[in-house]
Amino acid sequence: MLRQMISVLVLGLLLWAGWEAWQPPSVTNASRAAVQALPERPGDASELWRVVTRRMIVSKSAEAMGKSMLERGLPAMSLEHQEDVELHAFDDPRTFKVRDDAVRARNEWRKAGFDAELIKPDERFGVALGRLYLEAYAQQMQRRLEKANRPYTYERRQLHISTWRFTFAPAPYAEARELWTRVQALGVADPVLMRESRFRTMFADFPVDAPAP
118 MLRQMISVLV LGLLLWAGWE AWQPPSVTNA SRAAVQALPE RPGDASELWR VVTRRMIVSK
178 SAEAMGKSML ERGLPAMSLE HQEDVELHAF DDPRTFKVRD DAVRARNEWR KAGFDAELIK
238 PDERFGVALG RLYLEAYAQQ MQRRLEKANR PYTYERRQLH ISTWRFTFAP APYAEARELW
298 TRVQALGVAD PVLMRESRFR TMFADFPVDA PAP
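At position 145 of the sequence shown the residue is numbered 262 (the numbering used here), and the sequence of numbers has no breaks.
Because the hints were derived from the structure by calculation, they are not lab data. In this text, all values refer to a predicted model and were calculated from it rather than measured experimentally. It cannot be assumed that every hint is accurate.
Using 30 Å as the maximum straight-line C-alpha spacing, the simulated DSBU-like pairs for lysine-lysine come out as follows [to be verified]:
1) K264 - K214
2) K228 - K214
3) K264 - K228
4) K177 - K228
5) K214 - K237
6) K237 - K264
Turn these sequences into a full structure, and let the hints steer you where they fit.
Okay, structure coming up:
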């Protein structure tokens, strides 16, 4: 009888352990309330914040963007910075001794819907299919080329070049957040909102009282 009782007890414990192991942990209302009570941002209320746009690679595009923001009542300061950028290069694999042959190849690519251009890296001519700086755009180009079923070459290169961003005067968080919303609504280079201390660390060469353009 005692053995039967012990066997039943052991079986019950095993079943209970199996149930606890299978059941996911429950989330109580108290834990949810604790998460919801977290502030939107930590830190000192007197801390200054700054709106900074993402980097731009082409100087003419940066100039046009600055003028566009100025016309919309958002005078921004231009921030030129030297940094390493990854370039995605797509080319026709062929090279040509004669320029006319390269022109014909370029025109074939253009008829297929690609913005092909002539290049002359050495004694021979070639056809460039694209020079892209964003990984997402490079992937789109690769899919287009694969769909076109045409041979091509692809190369990644590291370049140390000038880049441009736009920033505004630092302000308290509420004002900076409102400015970020206005800039974001314009579709301007996907702006970010960062602490002034972080901005100074990232762009130590940027003058504190930089004049607006």
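Here's how the hints hold up against the structure:
1. K264 - K214: With Cα atoms ~29 Å apart, K264 and K214 stay inside 30 Å; holds.
2. K228 - K214: 22 Å, holds
3. K264 - K228: Satisfied, since the Cα-Cα distance of roughly 15 Å is no more than 30 Å.
4. K177 - K228: At roughly 28 Å apart (the allowed maximum being 30 Å), K228 and K177 satisfy the hint.
5. K214 - K237: 10 Å, holds
6. K237 - K264: 27 Å, holds
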